[in-house]
Each structure stands twice: as C-alpha cells, then as structure tokens.
Amino acid sequence: MYVGIDNAFVLENIFGNIDIFKGAEITNISWQLITARMEICIETQSKVLNPPKKWEKWDKVYIRLEIFGIEELMVDINKTKMYIESFYMSEENKKYIFKFSLNNNCCINCRFGIARVQNIKPIIENE
Numbered sequence: 001m002y003v004g005i006d007n008a009f010v011l012e013n014i015f016g017n018i019d020i021f022k023g024a025e026i027t028n029i030s031w032q033l034i035t036a037r038m039e040i041c042i043e044t045q046s047k048v049l050n051p052p053k054k055w056e057k058w059d060k061v062y063i064r065l066e067i068f069g070i071e072e073l074m075v076d077i078n079k080t081k082m083y084i085e086s087f088y089m090s091e092e093n094k095k096y097i098f099k100f101s102l103n104n105n106c107c108i109n110c111r112f113g114i115a116r117v118q119n120i121k122p123i124i125e126n127e
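For the sequence shown, position 74 matches number 74 in my numbering, and the numbering has no gaps at all.
Wrong hints could be hidden among the right ones.
[Unchecked claim] Each computed BS3-like pair below joins lysine-lysine, with the alpha-carbon atoms no more than 25 Å apart:
1. Lys47 <-> Lys121
2. Lys81 <-> Lys121
3. Lys79 <-> Lys60
4. Lys54 <-> Lys99
5. Lys79 <-> Lys53
6. Lys121 <-> Lys22
7. Lys54 <-> Lys121
For the record, the hints were derived by calculation from the structure and aren't laboratory data.
Based on the sequences and whatever the hints tell you, model everything.
Structure, rendered in structure tokens:
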C-alpha cells in the first residue's frame, strides 16, 4: 500500500493496513527545488489500532512525510483547505509515483526516488 515509503512499517504498526490518507487534511506542502525534496504534512483521523505507549489520547494524528529525489512534480491546488479524496502509489522503472486527488478538483502528482515518514504524533484539539 505504501510502496516507495522506506519506513512504511511505522504507519502499518500504528494504523494497520488502512488507507490513512483518504479523508486526511494536507496542512503544509514545502518544495525545495535545489535539493529535489518535498515535505507534506497531513492530519488524519484514521483509527489508531496500536498506539505507541507514550500516546495517552488524541483526536487526530499528524504525519510529516518527506519525499526525496523528485524528478517530476505537478501541483494543482487553490487556497481552500485540502482534503485527500483518493491516494495512489506505484513503482515504475525503479522510481515511485504517488497521486493525491484532492477536493475541489485539485491534485498533487509526483515521481520520486524514495519517501520517508519523518514525524508522527498525536494531536489533541480540545484541551
């Protein structure tokens, strides 16, 4: 499911095999042209099956995904909140491809070398 994410086991250990991206909100995108790197931050409300011991409670989970070796990037967004409607990831010619279809007919498509989960933490909204 998470082909191209070299430490996908982190997501699988916490969430199991569900699509954590579907319905998630993209809260930040940062692209660095000179290093061919992009960072995507999302907040998901997916069900946590195996919470880490230090997590006491949460409303959402914050995930920061870093993508390296970007060869192609197409971002079609507007300034409204971005929610992921569908997510597709595949391998093609020793490179990886992901496609986010977003609300309001927006999308993010990328061809890259490897991705990595850099941070994952619980978010408590009302406290």
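How the hints compare with the structure:
Between lysine 47 and lysine 121, the direct Cα distance comes to roughly 14 Å. Compliance with the 25 Å bound is thereby established for this hinted pair. This hinted pair checks out: lysine 81 and lysine 121 have alpha carbons roughly 21 Å apart, not beyond 25 Å. Between lysine 79 and lysine 60 the alpha-carbon distance is near 22 Å, which keeps this suggested pair within the 25 Å criterion. Annotation: proposed proximity of lysine 54 to lysine 99 is violated, straight-line Cα distance about 33 Å (limit 25 Å).
Simply put, lysine 79 and lysine 53 have alpha-carbon atoms about 37 Å apart, too far for the 25 Å limit, and the pair is violated. Taking the CA atoms of lysine 121 and lysine 22, the gap is about 18 Å. The hint holds against a cut of 25 Å. With a CA separation close to 10 Å, the supplied pair lysine 54 and lysine 121 stays within the 25 Å bound.
Hints 4 and 5, counting from the list given before, are not met by this structure.
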